[in-house]
Amino acid sequence: MQWLNILIQGTLLGGIYALFAIGLSMSFGIMRLVNIAHGDFIVLSGYVALLVIWGTGLSPFLSLLIVVPVMFAVGYALQRGLLNQTLSGGLLPPLLVTFGISIIIQNGLLQGFGAYDHRLQEGAIETASLHFPGGIDVGVYPLLIFAIAVFAIASLQVLFYRTGLGRAFRAVSDDADTAELMGIDNRKLYALALGIAMIFTAIAGVLFGIRTIFDPAAGPIRLILAFEAVIIGGLGSMWGTLIGGMVLGIAQSIGAALDPTWQILAGHLAFLAVLILRPNGLFPRTRD
Amino acid sequence: MTLLRTQKLSAFYGDFQALFGIDVEVEQDETIAIIGANGAGKTTLLRAIAGALTTAPETVLFDGEPIGHKTPHEIVRLGIAMVPEGRRLFQSLSVEENLLLGTHSGRAGPWNLKRVYELFPRLRELRWLPATSLSGGQQQMAAIGRALMSNPRLLLCDELSLGLAPVVIRDIYQCLGVITREGTTVVLVEQDINRALDASTRFYCLQEGRLALSAPTKDFDRAALTAAYFGM
Numbered sequence: 006m007q008w009l010n011i012l013i014q015g016t017l018l019g020g021i022y023a024l025f026a027i028g029l030s031m032s033f034g035i036m037r038l039v040n041i042a043h044g045d046f047i048v049l050s051g052y053v054a055l056l057v058i059w060g061t062g063l064s065p066f067l068s069l070l071i072v073v074p075v076m077f078a079v080g081y082a083l084q085r086g087l088l089n090q091t092l093s094g095g096l097l098p099p100l101l102v103t104f105g106i107s108i109i110i111q112n113g114l115l116q117g118f119g120a121y122d123h124r125l126q127e128g129a130i131e132t133a134s135l136h137f138p139g140g141i142d143v144g145v146y147p148l149l150i151f152a153i154a155v156f157a158i159a160s161l162q163v164l165f166y167r168t169g170l171g172r173a174f175r176a177v178s179d180d181a182d183t184a185e186l187m188g189i190d191n192r193k194l195y196a197l198a199l200g201i202a203m204i205f206t207a208i209a210g211v212l213f214g215i216r217t218i219f220d221p222a223a224g225p226i227r228l229i230l231a232f233e234a235v236i237i238g239g240l241g242s243m244w245g246t247l248i249g250g251m252v253l254g255i256a257q258s259i260g261a262a263l264d265p266t267w268q269i270l271a272g273h274l275a276f277l278a279v280l281i282l283r284p285n286g287l288f289p290r291t292r293d
Numbered sequence: 117m118t119l120l121r122t123q124k125l126s127a128f129y130g131d132f133q134a135l136f137g138i139d140v141e142v143e144q145d146e147t148i149a150i151i152g153a154n155g156a157g158k159t160t161l162l163r164a165i166a167g168a169l170t171t172a173p174e175t176v177l178f179d180g181e182p183i184g185h186k187t188p189h190e191i192v193r194l195g196i197a198m199v200p201e202g203r204r205l206f207q208s209l210s211v212e213e214n215l216l217l218g219t220h221s222g223r224a225g226p227w228n229l230k231r232v233y234e235l236f237p238r239l240r241e242l243r244w245l246p247a248t249s250l251s252g253g254q255q256q257m258a259a260i261g262r263a264l265m266s267n268p269r270l271l272l273c274d275e276l277s278l279g280l281a282p283v284v285i286r287d288i289y290q291c292l293g294v295i296t297r298e299g300t301t302v303v304l305v306e307q308d309i310n311r312a313l314d315a316s317t318r319f320y321c322l323q324e325g326r327l328a329l330s331a332p333t334k335d336f337d338r339a340a341l342t343a344a345y346f347g348m
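Order-wise, the sequence lines are chains X and P.
So the first sequence is numbered by my numbering: it starts at 6 and just counts up by one.
So the second sequence is numbered by my numbering: it starts at 117 and just counts up by one.
Just so you know, the hints here were simulated from the structure itself, not pulled from any lab data.
Fair warning: there could be bad hints in the mix.
[Unchecked claim] With the Cβ distance kept under 10 angstroms, some of the chain P side facing chain X (calculated, not the full set):
#1 GLU190
#2 PRO200
#3 ARG204
#4 LEU205
#5 GLU213
#6 ASN214
#7 HIS220
#8 SER221
Since we're looking at a predicted model, the values are computed, not measured.
Cβ atoms here follow ideal geometry from the backbone N, Cα and C, with glycine treated the same way.
Throw the hints in and build the complete structure from the sequences for me.
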């Protein structure tokens, strides 16, 4: 029973890692952009929520009504104004530019908010739990995050495979030059893609900010977890990213059960094991 | 009426100059063939017209407007569509999704899914399959259909016959007749000279990035064409 419990807690933990990873997976999948600042945008979303909450008195959940559009606009403008200019020179220029953005965000937050850690308070739901026979307790909040992750990925699948915009995203991902020759405005499409990726980044940032404290330097560890979830799941596969997050979460839960200090290490070891055994991830996109 | 005109069009790949002052004119409702040996600059000329290579604004005029500086998607919106060499269908899209991609330019006109399927009935049966699982000829039909979906006034076809069986090539060229009857002007780039001359009213022959000969296809000097083609 204890192991079943570990499995359940790990799976639910995987939900937040999958949410971390969606934005990263999208920007790499569509424009081959490795966004080093991704973790910092997750943290930035938490601070934007903090400002909204201080300014309006809204709850963290309701603050998403403002944080999501703000982060969409940030993503759209960033891609349109800066990152589009880096994409023609291979993988390295966007890597360097987003690395720079990462440093700017971290130091900007440090300047504006100080090095203290913050948390978003949502009230009773944080500690509510459901009791199941056999002594298994499931936290309502982790369950909610997991459900949101599944819903987010399902909506992205609908966007990609059922809409004209998704069709254009897939075409550009296949062959950007030909897509442009067929009448698609790649630059605008890329801006929309990073904007949409930022929607999920904002959701991840606020939900995680309710769960755990954050500070200006918290971005890189979030980036690594997102990276690991994407790579374990296989590049280009959204459902794979969810599984990747779950593998990471379960490995961490098992590690923590053996010895609390092993939690983070166990996740990284699971990632290394997947890299060695299946370098392309568990579910690499087969429709290639 | 002149639909497309290039004036002293030069094009470069980095430091390498691929086209040297090309002057070409395409009248409305004509079918033009552009022929020449490998590396003569035929594909480069099409790509320069389609905006895939940057050129000076006034070197390409479409309907009298300078378009040399415009991006490919802006040019599609003006009514120039391309069937690229090697078809270049999108591999993760189905046949029908590939066709629908042509509608992103938002141009209205005679061509829609129904009309494309009437022109290429086989594509209707295969419409749910991944585009790259089709045979070469079917892929070429899908590539032509995708370009038609943007309802172009000018259709640029790059090496339609490349890698296809003669009987398939014949079918595809027969369909070109239907396309031109709908009022689309066609520019064909071909290495298969006889095929190109049969299908067109006038031709331009390129040689090493320069215009070597232009003449109506009904009445021209074969010896002059040989000289222009091979540079002898």
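Do the numbers back the hint for PRO200/P, that is, is its least Cβ distance to chain X under 10 angstroms? holds (6 angstroms)
Q: So, ASN214/P near chain X? Judge it on the closest CB pair being under 10 angstroms.
A: holds (8 angstroms)
| Per-residue hint verdict: LEU205/P, partner chain X, C-beta under 10 angstroms | holds (8 angstroms)
Given GLU190/P as an interface hint, is its Cβ closer than 10 angstroms to any Cβ of chain X? holds (8 angstroms)
*Taking the least C-beta to C-beta distance, is SER221/P closer than 10 angstroms to chain X?*
holds (3 angstroms)
- Query: Under the criterion of a CB-CB separation shorter than 10 angstroms, is ARG204/P in contact with chain X as hinted?
  - Reply: Nearest chain X Cβ about 4 angstroms off; hint holds.
- Query: With 10 angstroms as the cut and Cβ atoms as the points, is GLU213/P at the interface with chain X?
  - Reply: holds (5 angstroms)
Less than 10 angstroms between beta-carbons is the criterion; does HIS220/P satisfy it with respect to chain X?
holds (5 angstroms)
In this structure, every one of the numbered hints holds.
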